[in-house]
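Let the sequences and hints guide you as you build the complete structure.
With mature numbering (1 follows the signal peptide of the UniProt record, and there is no 0) applied, the sequence shown covers -29 to -1, 1 to 1026.
Source of the hints: derived by calculation from the structure; they are not laboratory data. We put the beta carbon where it would ideally sit given N, CA and C, even for glycine. Heads up, a few of these hints could be off.
[Claimed, not checked] With a straight-line cut-off of 27 Å between C-alpha atoms, the simulated DSSO-like cross-links for lysine-lysine are:
1) Lys514 with Lys102
2) Lys748 with Lys846
3) Lys472 with Lys366
4) Lys566 with Lys655
5) Lys968 with Lys235
[To be verified] Distance ranges between label pairs, derived from CB positions:
6) Thr254 with Asn681: 47 to 53 Å
7) Ile315 with Arg717: 42 to 48 Å
8) Ala619 with Ala65: 27 to 33 Å
9) Thr254 with Leu860: 51 to 57 Å
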Amino acid sequence: MKKFTQLMRGCLSVVVAFFCLLTGNVGMADTVPLADIEVTGVVTFKDDGSPLPGASVLLKGSPNTGTITDANGKFRINVPEDATLVISYIGYIAQEIKLNKRTTLTVALDADAQQLSEVVVTSFGIARDRKTLGYGVSELKTEQLTKAPTTDITNSLAGKVAGVQVTGAGGGFAGSNVTIRGFSTFTGSNQPLYVVNGIPLDNSNGGGASNGTNSVNTGVVNSSRISDINPQDIESISVLKGAAATVLYGSRAASGVILITTKKGKKGTNKQISFSTNTAVGTVSRFPKFQNQYAQGSNGTYANNVAGSWGPLIQGQTVTNWFGNQETLQAYPDNVQDILQNSISSQNDLSFSGASDKYDYRVSYGNAYETALVPNNKLSRNNLTVNAGTQLTSKFRINTAFTYTNNVSDRTQSGNQGANPLWRGIYTPRSYDLTNAPFQDAVGGQLWFAAEDQPYWSINHIKNHQEVNRFYGNINLKYDITDWLQADLKVGSDVFTYTTKGFDDKGVRSNANTASAGAGGVLDRTEMTRNLNSYFTVTANRKLTSDLHLTATVGNEIISNYNSFLQDIGLGIVVAGFDNVKNFLTFNPTSAITKQRTVGFFGDVVFDYKTWLSVNAKARNDFASTLAPGNQSIFYPAVAVSFVPTEAFTSLKSKVLTSAKIRANVGEVGKGATPYVINTYYGKASASDGLGSTAVNFPFNGLAGYTYDNGTGNPNLTPEFTREVELGAELAFFNGRLSIDGSVYRRDSRNLIFSVPVPSTSGFSSLVTNAGKLSTKGIELLVTGNIIEKENFSWESSLNFTSFKSIVEELAPGVTSISIGGFTSPNIRLVPGEQYGQIWSNGYQRNAQGQMLIGSNGLPKPTTAVQRVGNPNPKYTMGFSNTFNYKGLSLSFLFDFKYKGDQLSRTIGDLRINGVSAETAELPRFNADGTPNKAYVFDGVLDDGSKNNIGVTAQQYFSLQGKYVAWEGYVLDATYLKLREANLTYKLPTSIVGGSKFIKSLQVSVYGRNLFIYAPNYPDLDPEQNLLGVSNARGLEFGITPTARLIGGSIRAIF
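What follows is the structure, encoded as structure tokens:
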């Protein structure tokens, strides 16, 4: 609809300009002879508030009395004071307005869904009438994406699109993992392809990691590179879901496609200046509730060198603290909260735009600045974007769009490691004055009783600095060969450098950036990515008969990808605090270059019969350099059918049923291998004594030594393939006031590429091969309604529902499971017959009836072997949005709901194990006589089968020998309901801003994100966070930074 709307607006601008030239008047349009009063006003487009030129303003009952709006949407007319004006424009809902002696009016016209056929952008910019599509496409407009602004556009997708799941990684500026319709591969990427203005964009998340893995023990959480895009530059996002929708993009699109179209100049808005600014303050959305009754120690006794708060009841006793000083025992309720700060998020944007029938342009600059809840985390992003086009001749048009981005960030450590400020800091003893106690000595050494890094020392002495300089864009040439044949050439590039500087100061105790084990380390890494892309298409639009129309496209695409990095790790710092690589004793340089190329040929044919039947056949053949010559050809076909029974049989239409469409499709997409897995390569050799010690490293005495890698290549690899069948329906009721869009689908993936173990006698440990099958079944539903539609008040509502189940049908022969993330235990596994990515660890021993087995000490018995202990996949998710409009006031909010899905939370477990969470003190820990209170009894049975009745203390119950003797105890139900977004906007009326010669539109907003989280079975933290970040694995939470609750305001002005 957006492209059609832009086209209509462009046409009206031409008409208005021509009209003004004919009349010799470039100001207000001429009016009819004067009547009793003069009425002035402005007419705008309701969707974006921009002026609507060429709208008709007529006196009701007198069709000869009227005028039209000028290029600024303004009009002036003389009519009786009790007149009714009819304001209309083709394709928009007309409004009748009773004057009641008013002399100024502001009118916003809304698009008429019954008059306009909605146009949707599909593959390679091909525009299709939505009712002819035989597959599912969802579209979001800029208003839906920026109501509650965020620096990463992927976060704005959460809860808004049926079939799309967004999983946050936690931490400042962390990326989000986006999946469409579940999973289609085992260890490769399940993320969609991102296409901006027709050119694919790299979405790796640092260190070349764009596949399905993520580190859990070192470093920081990186952003995905889609975060380089300025959300304020986006006009719309289209989500292509099924194989039939994405097949033309080939091997990159097996997991769906997200098409991003950026803003450009609009006709009728020449020399328009737009400025917007927003700022939000973030506080912790959910944080642990601490007990403040019991001190540091164990078994009721104070001890200043232990992590737990299982000491005595705090009663003002005098004790000797860890520094050797006498102090009065007291609780410090905010000692953990004080580690954090309020976060700040701000964005400022300035754009210049305009258009005529010969050209259009938009130039924008955006600056984003953000800090996180943990100090010393900050991000600054600058975007410069140009989008321009010109009609050189009646047949030839050239367009260009490019963006330069500079993205700079500083990040603290994260994940399952002691250098993460909150990994150890969050269970600081309740009687330890973490806020005011010194964290370092005179020479910068750590002062801290624990083995991990002191939180404040880590924040100040362990650093990670990242900078991305990126240029992406394209040049597009279009030529009309005839009135029915068009050629289209687009050449684009995506080039960026990514530099990382990690520094671990002398005395670091944990892995941090370099795993330097106290000696200090520095990491310098420079990565360069260059992706070149070009495609050429020829499209024919012919009416074959009076009832049959043909649209056919043939094309070719060439993709060239290059990536290189140079990295140096220095260990053994000489002078503390100095991060130059020359200040280190040893160096370990590494480098690599990766190249790959894909050449594709494709065709797309659409037959439209009358207005009620559309048949679309399409296919693509890729030739991928990552496979051996005999296997490089990958062919993917698809067929989609759309049938509109209410057009074929008009008698079906009624006051209730407005329109109905049935769609069906089947398609197949493939995926090649990652580079360099078809060959076996050499690596630097070393000699070992067989007991784990390395005796000899090469080069040795001036001689180089190399040996085969552990994994062997496989020249017989063939592509992965995914076939998908979809059936859907689109229904509209009550003249379009209520609409329902639903789909059911099945996706089957085969020949999946992953590494399997091989006998050690082969000289290798693993082989990359084609094996395994994966299936997904799902249902999607979108219900939208204009519940109330009055002159000054409207209520629009939308509900989307998603449910899918991805099943691992089989792996390779002899392979019982593969791990896709985590640790030895717990980890996330793929197991035949189970849903994708189950949580595996040791568990509780149980009898045949499933009852927990309890030992004679009253504590549960753990299993020695690992087993499935949780399923992180939700049963279903829902998004529910509402928008209320009253005159110039608009209120909107979005709820996001996830039902079921388990999460293993190390943080919640650690809070309990160390006795700091409030629930560990819900019952008195001591009886009146000072003896331990054994008030906790595990629900289970003893060895003789009798019900357990053995009481244990709180410390025993929550200990590593009690509830947390097995990782199963850490698993929780992560069901949640979130108030994801809320926005209140007031658009100042023309009576206030209309008198200004400079301001055309002004609106102010207040907004919020993550305002409310209800998770009844998941205490203290946000259940959405994921240790494994942007990867295929989910369901583990270890030391994640809390989520921020944002409340902010924005101003937007058009000049």
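Taking 27 Å as the top limit, are the C-alpha atoms of Lys472 and Lys366 close enough?
violated, 51 Å
Is the Cα-Cα distance between Lys748 and Lys846 27 Å or less?
Holds - the C-alpha atoms of Lys846 and Lys748 are around 12 Å apart, at most 27 Å.
Can the restraint linking Lys514 and Lys102 be considered satisfied, given a maximum Cα separation of 27 Å?
holds, 18 Å
Take the C-beta atom of Ala619 and the C-beta atom of Ala65, compute their distance, and say whether it sits inside 27 to 33 Å.
holds, 30 Å
For the range 42 to 48 Å, tell me whether the beta carbons of Ile315 and Arg717 fit it or not.
With a Cβ separation near 47 Å, Ile315 and Arg717 satisfy 42 to 48 Å, so the hint holds.
Given hint Lys655 paired with Lys566 - CA-CA distance at most 27 Å:
holds, 22 Å
C-beta pair Thr254, Leu860: status relative to the range 51 to 57 Å that was hinted
Distance hint for Thr254, Leu860 is violated at roughly 27 Å.
Measure nothing beyond the straight line between the CA atoms of Lys968 and Lys235; if it is 27 Å or shorter, mark the hint as holding.
Judged against 27 Å, a Cα distance of about 24 Å means the pair holds.
CB-CB spacing for Asn681 and Thr254 relative to the 47 to 53 Å hint:
holds, 48 Å
Checked against the numbered hints above, the structure breaks hints 3, 9 and satisfies the rest.
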